[in-house]
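Undergrad: Here are the chains, one letter per residue:
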Amino acid sequence: MSIKKKAAIIGFAEMAPQKGAAGKTPLGIIGEVAREAIADAGLEKKAIDGLLTGMAIGEYSVLWPSVVAEYLKLQPRYFNQVELGGASAAGMVWRAAAAIEAGMCNTVLCVLGDSWDSKIIGSKPPPFPRIEAEFDAPYGLIAANPGYALIARRHMHEFGTKPEQMAKVAVDQRKNACKNSTALFGHKEITIDDVLNSRMIVEPLHLLEIVSPCTGGGAFIVTSAERAQQSPHRPVYLLGAGEAGGHSSITHARSLTTSLVKPAAEGAFSMADVSPKDMNFVQPYDCYTITVIVTLEDAGFCRKGAGGRFVAEHDLTYKGDFPCNTHGGQLSFGQPGLAGGMSHVIEGARQLMGRGGERQVKDATIGYVNGNGGIMSEQCSLVLGVQ
Amino acid sequence: MSDYKKPLPRPTTASLPFWQAAKQHELQLQRCTQCGAHVFYPREVCPECLASDLQWVKVSGKGTVYSYTIAQAPTHPAFVEDVPYIVAIVELAEGPHVTTNITGCKPNEVKIGMPVVATFDDVTPEVTLVKFRPV
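Protein sequence lines, in the order shown, are assigned to chains B and Z. Take the first sequence: its position 113, counted from the start at 1, is 113 in my numbering, and no numbers get skipped. Take the second sequence: its position 43, counted from the start at 1, is 430 in my numbering, and no numbers get skipped.
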């Protein structure tokens with residue numbers, strides 16, 4: 001049994017990222033994007049019999065799936081929390097497909113929303129792992145910035161990756177964001193010098209190589225391949241999925257430079273029976289510039305260690321020879337807390353439905369999406385396609 | 388009462404011997420009596436073979452810098468006065484990786500592969516952190 005081409009994304013909705021809490025709670029955002037995604041799929045609320053959601057930093061609680069079901073007055077036959085950090089949205093796609101194929105439900109609402117209110121986060125931070133509080137935090141290895149800096153430094157050491165190569169990721173993705181009216185940073189293009197002259201935060205990572213937390217969220221609807229034929233949009237089939245995990249603290253990762261993207265992507269390409277060169281675009285999770293480079297290497301778009309040169313030598317814009325994060329990536333779109341991974345799944349579906357507008361990748365029929373959580377701790381790779 | 392503001396470890400039953408040894412300026416790790424693996428951080432079972440028979444052993448304190456970052460902005464508000472400081476992963480001679488700070492040299496003198504040795508920082512009367520300095 002395989003879930004290959006057994007289910008499809010048939011609609012989506014996304015909140016434009018905003019600075020600060022924007023007067024919204026995570027539940028409020030979830031409600032709004034859920035309503036719009038259901039409408040976008042041409043459905044009524046009563047058609048939703050599955051629910052996948054994930055924790056919000058801005059409103060952390062146990063029993064969250066029931067909280068969301070109650071808030072939206074849904075009565076799912078299948079519901080759960082996908083708790084894979086930034087990989088949660090990608091992880092929802094195959095879980096929804098598997099639940100549908102197993103006969104547990106027909107149509108799943110996958111939804112994430114998060115708010116970034118520094119007052120709430122300061123006074124009631126979500127609980128981080130006890131082990132890391134004991135053995136990492138006393139030395140200042142706290143949150144994501146220093147963890148990804150450790151990866152970037154080691155990558156530079158092993159492979160000679162250069163700061164200007166990393167910067168190129170932010171520069172090209174910004175060009176994409178300038179064609180996305182909802183992007184938080186889509187008003188002005190930037191240069192490699194702009195990135196390298198921006199404030200050094202944790203060497204070797206500069207300010208413009210680091211995502212900016214914000215408020216936002218997104219939702220998409222997954223239904224069976226059969227039901228998807230009634231959809232108002234071109235159904236976007238799940239052709240392959242792969243997942244991998246194995247560490248929480250980066251100190252205890254098996255490697256800093258060969259990530260868990262490798263087994264995740266191998267699983268996705270193997271299920272879909274396609275290879276990286278068949279992809280018309282990629283939407284890799286991009287909390288930092290180095291994340292994109294490591295992901296492209298481990299997913300097989302270039303050989304290990306060549307990622308820096310690869311991004312420097314290819315045009316990563318929507319009209320380039322290697323369209324990458326065509327919505328701008330989270331670096332330019334914004335990172336709405338734990339909902340950030342939604343934007344890559346939704347942009348993948350948007351492109352394949354032919355709804356990319358000004359930034360539409362020409363003749364896109366198949367693409368790669370990757371979700372990454374923690375410090376390269378959770379990886380979920382997807383191959384999505386319309387044929 | 389100490390005026391130390393940075394995060395402090397809160398030892399558990401499993402990890403208390405590690406912190407007690409650090410207070411005596413000794414680096415101790417667990418070693419699995421079943422498979423022989425050195426284990427860090429302290430656990431109740433061996434992560435290699437899942438056996439419960441873990442024994443505390445004193446180790447050399449020697450290692451090399453596996454990776455590092457120079458924090459030019461504080462990674463937590465309590466570290467603001469330390470900027471710039473080094474957050475590093477050290478690979479111990481016995482194998483395990485540990486999160487630490489490199490002290491005793493200028494931040495720009497740190498290099499990957501640099502030999503280092505454990506040094507003990509009594510940050511409060513109760514707590515000693517294990518840091519590393521160049522050999």
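Everything labelled a hint here was simulated from the structure, so no lab data went into it. Where hints are given, some of them may not hold.
As the list claims (entries may be wrong) - These stretches of chain B come out as covered by chain Z in the derived footprint (C-beta under 8 Å, 3 or more residues):
1) 83 to 89
2) 123 to 136
3) 191 to 202
4) 247 to 254
Glycine included, every Cβ here is placed at the ideal spot set by N, Cα and C.
Undergrad: Now, for every hint given, state plainly whether the structure supports it.
TA: Structure-based check of all given hints:
1. Judged by the Cβ-Cβ criterion of 8 Å, the region 83 to 89 of chain B is not covered by chain Z as claimed, because only 0 of its residues qualify and three are needed.
2. Residues of the region 123 to 136 of chain B with a Cβ under 8 Å from some Cβ of chain Z number 6, which satisfies the need for three, so the listed coverage holds.
3. Under a criterion of three residues with beta carbons nearer than 8 Å to beta carbons of chain Z, the stated coverage of the region 191 to 202 of chain B is upheld, 4 such residues being counted.
4. A stretch counts as covered by a chain when three or more of its residues have a beta carbon under 8 Å from one of that chain; for the region 247 to 254 of chain B and chain Z the count is 4, and the coverage holds.
Violated hint: 1 only; the structure is consistent with all others.
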